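Peer 1: Here are the chains, one letter per residue:
There are 4 protein chains.
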Amino acid sequence: MKIGFLGLGIMGCGMARNLMKAGHEVTVWNRTAAKCTAFAKEGARVGATPREVVAANEVTFAMLADPAAARAVCLGPDGAAAGAAAGHDYVDVSTVDAATAQAVAAAVTATGARFLEAPVSGTKKPAEDGTLIFLTGGDAALYEKVGPLLDVMGKKRVFLGAVGQGARMKLVVNMIMGTMITALGEGIALASKSGLEGAALLDVLAAGAMACPMFAGKGPGILADSFPTAFPLKHQQKDLRLAVALGDELHQPLAVAAAVNEAYKRAIAMGLADADMSAVARAVRG
Amino acid sequence: MKIGFLGLGIMGCGMARNLMKAGHEVTVWNRTAAKCTAFAKEGARVGATPREVVAANEVTFAMLADPAAARAVCLGPDGAAAGAAAGHDYVDVSTVDAATAQAVAAAVTATGARFLEAPVSGTKKPAEDGTLIFLTGGDAALYEKVGPLLDVMGKKRVFLGAVGQGARMKLVVNMIMGTMITALGEGIALASKSGLEGAALLDVLAAGAMACPMFAGKGPGILADSFPTAFPLKHQQKDLRLAVALGDELHQPLAVAAAVNEAYKRAIAMGLADADMSAVARAVRG
Amino acid sequence: MKIGFLGLGIMGCGMARNLMKAGHEVTVWNRTAAKCTAFAKEGARVGATPREVVAANEVTFAMLADPAAARAVCLGPDGAAAGAAAGHDYVDVSTVDAATAQAVAAAVTATGARFLEAPVSGTKKPAEDGTLIFLTGGDAALYEKVGPLLDVMGKKRVFLGAVGQGARMKLVVNMIMGTMITALGEGIALASKSGLEGAALLDVLAAGAMACPMFAGKGPGILADSFPTAFPLKHQQKDLRLAVALGDELHQPLAVAAAVNEAYKRAIAMGLADADMSAVARAVRG
Amino acid sequence: MKIGFLGLGIMGCGMARNLMKAGHEVTVWNRTAAKCTAFAKEGARVGATPREVVAANEVTFAMLADPAAARAVCLGPDGAAAGAAAGHDYVDVSTVDAATAQAVAAAVTATGARFLEAPVSGTKKPAEDGTLIFLTGGDAALYEKVGPLLDVMGKKRVFLGAVGQGARMKLVVNMIMGTMITALGEGIALASKSGLEGAALLDVLAAGAMACPMFAGKGPGILADSFPTAFPLKHQQKDLRLAVALGDELHQPLAVAAAVNEAYKRAIAMGLADADMSAVARAVRG
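Residue numbers (the numbering used here), protein chains in the order written: chain A, 1 to 286; chain B, 287 to 572; chain C, 573 to 858; chain D, 859 to 1144.
Please keep in mind that the hints were generated in silico from the structure rather than gathered at the bench.
Just so you know, not all the hints are guaranteed correct.
Unchecked claim - DEER-style ranges, computed between Cβ atoms: (1) 797/C - 1078/D: 34 to 42 Å; (2) 769/C - 514/B: 52 to 60 Å; (3) 317/B - 1129/D: 30 to 38 Å; (4) 492/B - 124/A: 17 to 25 Å; (5) 914/D - 371/B: 52 to 60 Å; (6) 771/C - 999/D: 20 to 28 Å; (7) 441/B - 1090/D: 25 to 33 Å; (8) 99/A - 1078/D: 41 to 49 Å.
Since the structure is predicted, the reported quantities are computational estimates derived from the model, not experimental observations.
Ideal placement from N, C-alpha and C gives every residue a C-beta, glycine not left out.
Could you build all of it, start to finish, from the sequences and the hints given here?
Peer 2: Dropping the structure here:
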């Protein structure tokens, strides 16, 4: 299939390569054109603008850094929507808020093209390994059509309804993630003050009902007070804030997530905004 | 080996049977003697008192319901300590607080016998399947000696230092457990208010870094608002209370666990004390 | 002085009347013109549009219901800013967020007129009695000029710096208010569960270091589980939400206010949005 | 009246002197006898033991430092209970937990004497000025009899029922106090991060519905980051912990007080245990 791919950041590189490896004809575009060179050597075409890429391909994926970038790449005069028309499909796999997803969707569908939001759960390694999780919302027929492409890039995909539901699911998942890593941080702190080895705690957790890849992956770093950034703490805090705000909007009290959010705010006040999200453990330890 | 086993409740039955299956000569005792009959038919000897059991065996395990029972079985005139002497070993696998563990330890070691606390993580099924986790403290040499016996009953064992450390580790683990299940409850509540299927959330969690046996096991019950009791909510709340109190004693703030404890108190106020600990999700949902 | 007054709601009526009683020549305007009739009988002039009122008076006050109304009355083609020019002063005493205050300020000052935000602390009775508290920000010289007018309507005024600081101070004050009333609610609930009379608690509080008009005023209603609305609970929750968000923006953790906000959300989920803000006590009681 | 007074600490000195000034014949006793000398010069008799003081007086008051002292002074062989008999009255004005009050009550009433617990709200200055608040429980007839004596030492007294209710009321009051001072701390922190003067906030609070002696008294110290000890922070934290525990016992969730308790624990972890309870503001500021 002829596929466009907008955005060659850490995530986009891995994803676009996996589409190429699967035999698709991929046209790439990136704000900083230099990043496209390596892809051209590997056989990709290079587009001049998002508009051109969308116009020239059957399906275009966009993996942008944040809501502002997702809007800019889609909405400008050379933007993706300007190149869209009936018969074209646009799949935004960036992580954005529901309002941004809806704004992009409106611009795209107004042209007659179809739209799917598909934010991912997973970071660099899963993007390279093709083990991402796609949380999608929007056009159900488009979801069915691009399913095989998503399966090339990920190990799991779910369709959640209208545009915005993918973004909301991601908030819920990250809210649970923030609480879990803070729970681990409090547990390690209490164990340590009790004279128990943190490693023994991780060992016990790994053997029981709470064993999970995140504890195995992040636990040793917490014990070593070392937090190399996989998911920046400030982004985790932003997701907690937005999740609590979503609860505000829907009248759902979230007393525990709100307490976790405050722990993250304390971590930011301590200068840990750019550390890994697991650095909340240092703030919790006190 | 000649082994005594005191306490044939839900947990004790499974554990004693596993020792018998492994070929050990087991003498059982239970407060309600009727429970011993089945074991006698399976080839176990039956002791008249804890004192007699301890005096007649090289190693005696005790699996009692709570701290009061653990003290009563060990400390009375016909109690375990009265039968102990140098050359005898006593391993208390009951879940008790550190102070009770220390009181029992003092009574046993005063006779010249050795003591190990070894509270377990795991409930009925793991007891039957021999997949418990032992959190031990006390006599290190005794830990080495009974290691093979613990391995018959469990899949994991750790030695944590002085008597009381096993009890403390269990509090830490259960504190993390309480926070995690409450995080899941808040996540399901927020998803539901957002118009997302709870099943989709569980599905997404199962595919990612937070996948754990507890979410898989308890999640569907939360969606169905059904909480058949594996671990009573009131016991989970007690452990949260004790963990927060341990933090109080050690000057370790635990803001998130404290918020979780209040959610559990709300669940108890709603009449859920005897439901499964996952019923906190109903209190959280509001 | 020739004074304009825009907005004759519950608050505006009391304030405009106090200006008239003090001998000023007042021109009123209200979205629903009928409200102006009574004022005309008392000697006020009636303006046709905010634009006309501002153009015809030296100082114009605006007391609007919410940020949307404050913007609408100022920014439209017949709005206040359209009538403003150098030599005219505009004082917005509505309670709005900092962004709205800044938008209105920008529109007014762009004409050469001066602007002061002056949101009030206090409700209907203080507005009638002339005992409001003004939290002002913007043009310092204008603050000095209208000081005597504010003193006619209030008992206290402070100048806090740039436009937006008045709005922020109001959030801080209302955040403290929300926590205090929730503290009283928790205290009454704990006293009651302990078999203590709530009235005795109020009595003791009234005699000590925590004695305050709010406890005296709201306490009996909490005991009677009766919450006639002076300040709607949903508005108090909104202010808590905004205060916590301000903390988010400024990296100031607010663990207690965040917990209070969740209690208010629970109250709203229980159907208490339009009750008095003290109805949080019912949510807290559980 | 012939009155005994046990305990001449900071509080007891002021209280005993007020009884003497009112014309009563007072016999004092103190663990460290030296403190009695000054009282002897002012006309007081000096007792050799609590037993002797109780035996020789119609009513004896005890103002001891903590539960251990309250028990020691009452229960030993030379203790107050040993000197008690029908016709004697014992009023314990120490601050103790309900269990201690009940133990002392049982020992006293077993002799035929009457007992009243009457812990006070107020510190050194109110003790000297005779403006304490008495929170009493126990013998209602005794409460009536000693009312005039309590009025000499205090400005307010309430009778709350059985022994233990005075202690519980004090916990409730101190729980509210802890939340209020933390609310002020959070408010000052948020104001400060917003670029608002803390003094302006105190000024605004002083003019409104939340004006209270505590804010007026403690606010300036918080602004100056200076916390001369009137009520030690560690004692306030202990009361919060006990209040939350009382809520645990009675199944009353106290989410806000629990969050406040954690803030106090953080303050202790920061080394502020012996500072004034208002130093929680430093922990909250982060």
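Peer 1: All hints are to be evaluated individually against the structure, with a verdict given for each.
Peer 2: Do the hints match the structure? See the list:
A hinted range of 34 to 42 Å for the beta carbons of residue 797/C and residue 1078/D is consistent with their spacing of about 38 Å. Our hint of 52 to 60 Å for residue 769/C and residue 514/B is violated, since their Cβ atoms are close to 42 Å apart. Restraint check, residue 317/B to residue 1129/D: a C-beta distance of roughly 50 Å breaks the suggested window 30 to 38 Å. With their beta carbons about 22 Å apart, residue 492/B and residue 124/A fall inside the hinted range of 17 to 25 Å.
Separation of residue 914/D from residue 371/B is about 56 Å and conforms to the stated range, judged on CB atoms against 52 to 60 Å. Taking the beta carbon of each, residue 771/C and residue 999/D are about 22 Å apart, inside 20 to 28 Å as hinted. Distance hint check: the CB atoms of residue 441/B and residue 1090/D are about 49 Å apart, inconsistent with the given range 25 to 33 Å. Take residue 99/A and residue 1078/D: their Cβ atoms lie about 45 Å apart, and the range 41 to 49 Å holds.
Against the hints set out earlier in the document, violations occur for numbers 2, 3 and 7.
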